[in-house]
Each structure stands twice: as structure tokens, then as C-alpha cells.
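Visitor: Note that the sequence shown covers residues 1 to 247 in the UniProt record's numbering.
Derived from the structure by calculation, the hints contain no laboratory data.
Cβ coordinates follow ideal geometry from the N, Cα and C atoms, glycine included.
A couple of the hints might just be wrong.
Quick list of simulated restraints, FRET-style, between CB atoms [as the list claims (entries may be wrong)]: (1) MET1 - LEU85: 17 to 25 Å; (2) GLY194 - ARG172: 35 to 43 Å; (3) PRO70 - MET1: 14 to 22 Å; (4) ARG30 - GLU240: 42 to 50 Å; (5) ALA128 - ARG80: 34 to 42 Å; (6) ALA66 - GLU240: 37 to 45 Å; (7) PHE40 - GLN218: 19 to 27 Å.
In silico BS3-like pairs for lysine-lysine, Cα to Cα no more than 25 Å straight-line [what the hints assert, rightly or not]: (8) LYS115 - LYS65; (9) LYS125 - LYS166; (10) LYS153 - LYS129.
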Amino acid sequence: MASSLSETFWSQLACATTYGFAVIENSKLRYLSRPIPSAFQAYTRFNDGACDPQGRFVAGTLYNKAHDVPGQLYIYDPLRGSCELLEPGPFTDSNGLGWTDDGTTMLFTDSFTNKIYAYDYDDGKVSAKRVFVDALSQGLPDGTYPDGLCIDKEGGVWSARWGGSKIIRYTREGKMDLEVCFPTALNITACTFGGPNNDQLYVTSAHCGACGGDATRQVDYPDSGNLFAVDLSGAFTGGEWRFEFAG
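With the sequences and hints as input, model every part of the structure.
Guide: If you want it as C-alpha cells, here you go:
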């Protein structure tokens with residue numbers, strides 16, 4: 001299962017998969033690295049990921065409470081052919097990643113703590129971890145969680161809310177700026193800018209029954225699982241926050 005994708009310099013696709021980092025060739029996976037320890041492989045997998053400005057692939061794994069397996073962040077460097085543990089965590093559900101400030105700040109979403117963290121980022125290393133967003137302290141309801149994110153040209157961070165029927169834009173300082181609501185879709189999962197002028201926000205969602213959810217709620221949220229496009233022309237355009245894989 002591919003959980004996140006990135007274009008390569010050669011117009012192919014690299015991905016984070018269940019067990020590690022891979023490229024897709026002729027509709028098949030060719031693994032580059034499987035860094036999850038063998039004792040953990042049955043109990044966790046990779047989830048969201050993205051490439052940094054130098055084309056290194058950063059992706060995170062999922063926490064498994066029953067087997068005490070932490071969520072962690074790994075980084076694969078295709079130029080060196082090496083994979084390292086970037087951040088040992090422990091995290092819960094590793095999600096939305098991106099870079100701001102010309103690649104010197106990395107943002108990372110730890111979904112079930114309802115936090116987005118910021119790190120200083122230099123040559124594939126992180127330091128100075130700090131809380132960028134604490135959603136519960138901002139009054140967002142427990143039981144809804146930050147999921148994927150994207151970043152606009154002004155440095156604003158757009159964070160999808162699983163279970164929350166919305167996307168929230170945060171300023172560069174982590175303050176809530178505006179909300180885009182989806183009243184007929186419950187689980188908003190990710191977003192990205194696109195279109196001819198890079199001012200359309202494309203938004204994914206998940207069925208109400210996904211990930212053990214209550215499928216009967218689909219009656220109230222019939223568009224859960226659909227793809228949306230939000231016209232932001234004249235208001236916002238996308239920034240550089242995800243980059244090509246250097247392999």
C-alpha cells in the first residue's frame with residue numbers, strides 16, 4: 001500500500017509504503033529501504049510523507065498502543081542511498097508534513113495529540129522542536145484531528161480536520177485565520193494547491209466508515225469520500241512546500 005507519493009526528477013513516482021520507501025516502476029514497487037525494525041513490522045506502517053527541498057523523502061509511521069510501537073519519522077536520502085531515523089518520537093498518527101521559510105522550517109502533524117510541530121531544519125536534520133498548533137487549546141473539539149496539510153505563498157498552513165468537516169488556515173505564527181467548511185463530508189483528509197494559476201485548493205475526504213469509523217454516519221455526510229475543489233482565486237495561491245524526489 002502506498003500511503004504518500006512524490007514525483008521524481010524523471011517524472012516517475014516515489015512513495016512511502018507499508019514497510020518503507022520505494023519507487024513505482026512498470027506498475028510494481030521497487031523498494032529502496034525498509035527501515036522499520038522486523039519486530040515492529042506486523043504492528044505499524046508508514047503513513048504520510050513528503051520530500052524536502054533537496055529531494056530527500058521524509059515519512060512517519062503509526063503508533064500501536066497494544067504492542068507499544070511508537071510512531072517515528074524516517075528520512076531517505078536517494079543521493080546517498082541511506083535511510084536514517086530522523087525523529088524517534090514517540091508520536092501517534094504521523095501526518096501532514098511540509099517546509100516553510102525557504103526550507104529551514106519543517107512542519108509535522110501528530111494527529112492524535114491534536115498538535116502540529118515545527119522544527120528547525122538543516123541538511124536533513126531537525127532541532128528546536130516546538131508546538132506550532134495545539135488545536136485543543138484553540139477550542140477545537142476532541143474527537144476531531146489534524147490530518148494532511150499544505151502551505152500557501154504567504155506561509156499560511158492549511159490543515160485538514162479528520163472528523164471535523166473543515167480545513168483551517170493558520171498564519172505563520174500558528175493563529176487560526178479562516179475555516180473552509182464541508183457540511184456534507186465528515187473526514188477531511190488532505191489538501192493541495194493546483195490549477196493553471198495555483199489558486200485552486202483540491203481537497204480529499206474519507207468515508208465515514210474508514211479506519212473503524214461509524215459507517216452509519218454516511219447518511220448524514222453523504223459526500224464523505226469525495227474529492228472537492230475550492231476556488232481561492234483572488235485570495236490565496238499555493239507556495240513551494242513539497243518537492244521532487246531526487247532519485
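Visitor: Please write out, lowest number first, the hints stated earlier that are contradicted by the structure.
Guide: 2, 4, 5, 7 and 9
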